[in-house]
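One-letter residues, chain by chain:
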Amino acid sequence: KNQVEQSPQSLIILEGKNCTLQCNYTVSPFSNLRWYKQDTGRGPVSLTIMTFSENTKSNGRYTATLDADTKQSSLHITASQLSDSASYICVVSVSNNAGNMLTFGGGTRLMVKP
Amino acid sequence: DAGVTQSPTHLIKTRGQHVTLRCSPISGHKSVSWYQQVLGQGPQFIFQYYEKEERGRGNFPDRFSARQFPNYSSELNVNALLLGDSALYLCASSQRTTGSYSPLHFGNGTRLTVT
Chain A
1 KNQVEQSPQS LIILEGKNCT LQCNYTVSPF SNLRWYKQDT GRGPVSLTIM TFSENTKSNG
61 RYTATLDADT KQSSLHITAS QLSDSASYIC VVSVSNNAGN MLTFGGGTRL MVKP
Chain B
1 DAGVTQSPTH LIKTRGQHVT LRCSPISGHK SVSWYQQVLG QGPQFIFQYY EKEERGRGNF
61 PDRFSARQFP NYSSELNVNA LLLGDSALYL CASSQRTTGS YSPLHFGNGT RLTVT
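If you read the sequences in order, they're chains A and B. If you read the first sequence in our numbering, its first letter stands for residue 1, the second for the next number, and so on. If you read the second sequence in our numbering, its first letter stands for residue 1, the second for the next number, and so on.
Okay, chain A solo, but in the shape it has when bound:
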């Protein structure tokens, strides 16, 4: 079972609408949580990074929230644009005696239609 679960798997919205993507994780010990945007055929691009002490982080029209107690995060996209069509990936960073590693969710594929 994937330790980082994202929902929904895919989403279609109309241009100008808002949407919220969900991420639940079970990995520990938690170092930080990251959201990435990945266009088809390209590498992921960082949107936000949050430590366990941060509840919210914004980057333009993207706002991420984190509840470290319930191990849930969300990414809210405001006033969507056609260029927002991409996969959005939630990533949890773990640091322990074995080293550092990132655990990726399966992503949410967002399509914004005119």
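No lab work stands behind these hints: they were computed from the structure. A virtual CB, placed ideally from N, CA and C, is assigned to each residue, including glycine. There could be a bad hint or two in this list.
If the Cβ cut is set under 8 Å, some of the chain A residues that face chain B in the computed set are [claimed, not checked]:
1. Asn32
2. Gly43
3. Pro44
4. Thr51
5. Lys57
6. Ile89
7. Asn100
8. Met101
9. Thr103
10. Phe104
11. Gly105
12. Gly106
13. Gly107
14. Met111
With the hints as your guide, set chain B onto chain A.
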């Protein structure tokens, strides 16, 4: 400044062969990490190197190995290729390890096809 560069961009190999993928990090970045992304799925962590030392390893078989050079560039090697190794291999660089607050900068990957 140039971003993370990976070479080659595409590669076709046959089962049992060996492959070497290369990555040049952003100037000033000392950490390089490698990821495998199968079509339609999220990336999976393979290795992380910082200052030429391995700092993390994902759940991949010993056929996968990597190293980081004094100029902080990196190679990922895969031996005895299997059909299931077909994927997009992503490299990312950062100033410090992923346990820190450093943002990761990804290259656009090497698309490996094993036939």
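Verification of the hints:
1. With its C-beta approaching chain B no nearer than about 6 Å, A/Asn32 sits inside the 8 Å limit, and its interface hint holds.
2. Evaluation of the A/Gly43 hint against chain B yields a held restraint, the C-beta minimum of about 3 Å falling below 8 Å.
3. About 5 Å separates the beta-carbon of A/Pro44 from the nearest beta-carbon of chain B, less than 8 Å, and the hint is met.
4. Because the closest C-beta pair between A/Thr51 and chain B is about 7 Å apart, less than 8 Å, the hint holds.
5. Residue-level restraint check for A/Lys57 is violated (minimum Cβ-Cβ distance to chain B is 11 Å; threshold 8 Å).
6. Below 8 Å, beta-carbon pairs count as interface contacts, and A/Ile89 has one with chain B at about 5 Å; its hint therefore holds.
7. Because the closest C-beta pair between A/Asn100 and chain B is about 4 Å apart, less than 8 Å, the hint holds.
8. With a least beta-carbon distance of about 4 Å to chain B, the hint placing A/Met101 at the interface is held under the 8 Å criterion.
9. The interface hint given for A/Thr103 holds, since its Cβ lies 7 Å from the closest Cβ of chain B, which is under the 8 Å cut-off.
10. Annotation: interface hint on A/Phe104 holds; nearest CB of chain B at approximately 4 Å, less than 8 Å.
11. The restraint placing A/Gly105 at the interface with chain B holds, with a minimum CB-CB distance near 5 Å, inside the 8 Å limit.
12. Annotation: interface hint on A/Gly106 holds; nearest CB of chain B at approximately 5 Å, less than 8 Å.
13. The interface hint given for A/Gly107 holds, since its Cβ lies 5 Å from the closest Cβ of chain B, which is under the 8 Å cut-off.
14. Interface hint at A/Met111: violated, since its Cβ lies 15 Å from the closest Cβ of chain B, which is beyond the 8 Å cut-off.
Checked against the numbered hints given earlier, the structure breaks hints 5, 14 and satisfies all the rest.
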